[in-house]
Amino acid sequence: MRRLYNETSAEEAKEIDKAILCDSQLQYLYHELVAQKNELDEIQLTPSDAAIKNILHYAQGLQEHR
Amino acid sequence: MIDKRCSDGQLVSLYQSGNEEAFEMLLHRHKSRVYTAIYLIVKDRYVAEDLLQDTFIKAVNVIKSGRYNEEGKFLPWLSRIAHNLAIDHFRSSKRHPEVVLEDGSRLFDSIQFAEQSFETIQLRQDTKSRLRALIKELPKEQKEVLIMRHYLQMSFQEIADRTGVSINTALGRMRYALINLRKNMSKHNNAYDKNIYPKRPDEAPIQRDLGRGSEGD
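Sequences listed follow chains G and R, in order. FYI, my numbering numbers position 65 of the first sequence as 73, with every residue one higher than the one before it. FYI, my numbering numbers position 26 of the second sequence as 1276, with every residue one higher than the one before it.
What the hints contain is simulated information worked out from the structure, not anything from laboratory work.
Some chain G residues close to chain R (C-beta under 8 Å, calculated; not the full set):
no., residue
1, GLN44
2, THR54
3, ILE63
4, GLN68
By construction, the Cβ of each residue, glycine as well, lies at the ideal position given by its N, Cα and C atoms.
Model the full structure from these sequences, guided by the hints.
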């Protein structure tokens, strides 16, 4: 999990990659997890333009007040 | 014109010194991730938009009042604000429940736009909405870690601290969350294939074990 989310040191990453290469079951599991992680990126939603405009308006108004 | 490779910290500094474009860039960089995380907690698009606005307004107030701690990273800090607001809302909405449909819209919307029901049905069959629905169905602890790690980009250690569990438990919950989603998504896809394109027995997929995905921790 930590390798999947880049929370390992370079050294640990190397060790994990080696282990994944040598174990076909682990390799399969890791690829499945990577695929699922990528799918999570694809379901991101975008807020409406109106909501973004409101935020920018607020930030701008505050800037002008100062 | 600001360089797109500017870090969040650099953009915050630029905004503090009066550059509005820097804030706009920060907003566009993080809006979808934060909005999706809030939506998956509150399950209502309109409430999620309100909370997204509240999140960024809080952030603007802190940055502009000079209380922003430059040592901390911007996104984890913003994520904490969003998460707290979403959880507060979730708790208060439990006391005053409102009818929200599977796709995140309110009951009133579907009554008002009943003629869109065919489109709604199609959308529900869409893989993306299926995945969103499956995330909502995950055990509470797994869903919480998944949203915090994937969308709010908190580290596993930070998640462990915030949820009061060990880092190994947080890692385990994330693992099972991903495995459960993968299993349930493939169940759904297989069912789809079987109905539309019946397979010959020799073409049946080999079932591989992804682990004990249904466990809570």
